[in-house]
Amino acid sequence: MKAICFYFQIHQPFRLKHYRFFDIGNDHYYYDDFADDDIITRIAQRSYLPANEMLLDMIKQNGKKFKVAFSISGTALEQLEQHVPEFIDSMKELAETGCVEFLSETYAHSLSSLYDPDEFVAQVKAHDQKIFQLFGQRPKVFRNTELIYDDDIASMVYAMGFKAAITADAKHVLGWRSPNFLYSSAAVPKLKLLLKNSKLSDDISFRFSNPEWASYPLTADKYIHWITELPQEEQLINLFMNYDTFGELQPRESGIFEFIKALPRFAEKEDIQFWTPSEVVSKFKPVAELAVPYPMSWTDEARDTSAWLGNTLQQEAVRKLYSIGERVRLCTDRRIKQDWNYLQASDHFFYMSTKHNDDGSVHSHYSPYDSPYTAFTNYMNVLSDFMIRVDEQYPASIDNEELNALLLTIRNQEQEIEKLHREVEMMRNNIVKDTTGDFPIDEPAPESVPAPVPEAKPEPIKKKVPAKKATATKKAPAKKAADSKKAPAKKDAVKKPAAKKTAVKKTK
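If you number the sequence shown the way this note's numbering does, the last residue is 508 and the count never jumps.
Rather than coming from a laboratory, the hints here were simulated on the basis of the structure.
It cannot be assumed that every hint is accurate.
As a list, the in silico SDA-like pairs of lysine to any residue whose alpha-carbon atoms are at most 25 angstroms apart [stated by the list, open to error]:
#1 Lys64 - Thr41
#2 Lys92 - Asp37
#3 Lys60 - Ile336
#4 Lys285 - Ala187
#5 Lys64 - Asn180
#6 Lys283 - Asn62
#7 Lys269 - Pro251
#8 Lys199 - Trp176
#9 Lys269 - Glu233
#10 Lys60 - Tyr223
#11 Lys17 - Thr41
#12 Lys2 - Glu270
#13 Lys190 - Asp151
#14 Lys222 - Val188
#15 Lys130 - Glu53
#16 Lys222 - Gln232
#17 Lys130 - Ala187
#18 Lys125 - Glu279
#19 Lys337 - Asp347
#20 Lys92 - Asp118
Produce the complete structure using the sequences and hints provided.
What follows is the structure, encoded as structure tokens:
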């Protein structure tokens, strides 16, 4: 028996005005409302709404055996609520079937997981609250922006209470291993990992209607046959794609809707089931751990973060944006908070990519700008105005780099003070200051002394005793020698090598 998980993502960044029509310092509204309304409405009418209707019919026709998962950013939900409210209604109807699971992600579809952990956690919480508010679900499985993932992100995700995450099947991470298994994180073994099957996903997303493709035309029975031909032990196939694959990337005339509708019928013949991610996590066990020291993603051939951070333009824009994150979170202005979310969308940096060949064609296909440099110039103009507003609300008294250095120094000093405090406590417990009874500081001598414990071993002293104190300790044995004539039964001092003489805490 094999299981298929369908994942559909929806995210739509707010289009920025062109810098030629933007007045820095005076015009604080950055968005092209006409473009936003046109894009989101067109895609919803051609793709989202008919696809929702298709999925609802498939769930009803197959006795609720057909199941899918959605990953929708908070900013996309805001746009859909504003421009296409009927989509939200149809999505609620899907949620009520119990066959749709909503994944967690960042509210703004941002790169905060790589630059600002505090912002990352805040966005995930805001997104999950939005999902609960609209659809009544608390997401249990996490999906980061563009499936970006590494060991550090795994630790943050697990700390927020998630038990599983979906990410990419990067070859430089998997090596010879197959993505068609459930894995776990090497950094946090309790966090389970679902890996996208890029080949089978892209067959639907990008190659379905390509007449030059060797497997064209793709039919439902052929596709299911490919899955059955996989090794028997490979039981999990994660298909992750943009939701606008249906009707937009692959037009209705290509037969994409009929193809999806026919999948359950052929899958049932081969004992292939459709599960939600939570069902997979509860029923399958991880076969191995995956160590991912550097961030990977599902984008471009390299499967890394170079699509958004591959050149100096992108790096400067992202660095400048997150340099003010702490001050933005201190602001109380609602408009600043909202603009902060919209400016974090990863697509803004995607448009600045200077990649060429096949990867470059993908970037230019989605970009509304005529060049990466225009995209950078436009974004930095908007960001400059935004930073002026933030500075007015919460001015920076010192340079941001100086602030970070100061905070680091304070944290280091706190750690050093705590360390010294522990050392003092250890010395207080190990140094015998009473020269007559070998009793520790602040501890009164008992009225009667019990018989000594034979073969008593001294407690290990981890730190050297200061020179001043060492002199005081050396006087103790002489006095003890005199006292021993009066009380021969008293043998608390332990013999030590001549080089070091350390008094031992007496056993009561």
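Against the structure, the hints:
1. Lys64 - Thr41: The given pair, whose Cα atoms are some 29 angstroms apart, is violated under the 25 angstroms limit.
2. Lys92 - Asp37: Status holds; Cα separation ~22 angstroms.
3. Lys60 - Ile336: 44 angstroms, violated
4. Lys285 - Ala187: Holds, at about 17 angstroms.
5. Lys64 - Asn180: Measuring from Cα to Cα gives roughly 24 angstroms; hence the hint holds.
6. Lys283 - Asn62: Holds, at about 22 angstroms.
7. Lys269 - Pro251: 28 angstroms, violated
8. Lys199 - Trp176: Distance of about 15 angstroms is within 25 angstroms: holds.
9. Lys269 - Glu233: 19 angstroms, holds
10. Lys60 - Tyr223: Satisfied, since the Cα-Cα distance of roughly 23 angstroms is no more than 25 angstroms.
11. Lys17 - Thr41: 19 angstroms, holds
12. Lys2 - Glu270: 9 angstroms, holds
13. Lys190 - Asp151: This hinted pair holds, its Cα atoms lying about 13 angstroms apart.
14. Lys222 - Val188: Measuring from Cα to Cα gives roughly 39 angstroms; hence the hint is violated.
15. Lys130 - Glu53: Given that 25 angstroms is the threshold and the Cα spacing comes to 23 angstroms, the pair holds.
16. Lys222 - Gln232: 18 angstroms, holds
17. Lys130 - Ala187: Violated, because 29 angstroms separates the two Cα atoms, which is more than 25 angstroms.
18. Lys125 - Glu279: 23 angstroms, holds
19. Lys337 - Asp347: 19 angstroms, holds
20. Lys92 - Asp118: Not satisfied, since the Cα-Cα distance of roughly 31 angstroms exceeds 25 angstroms.
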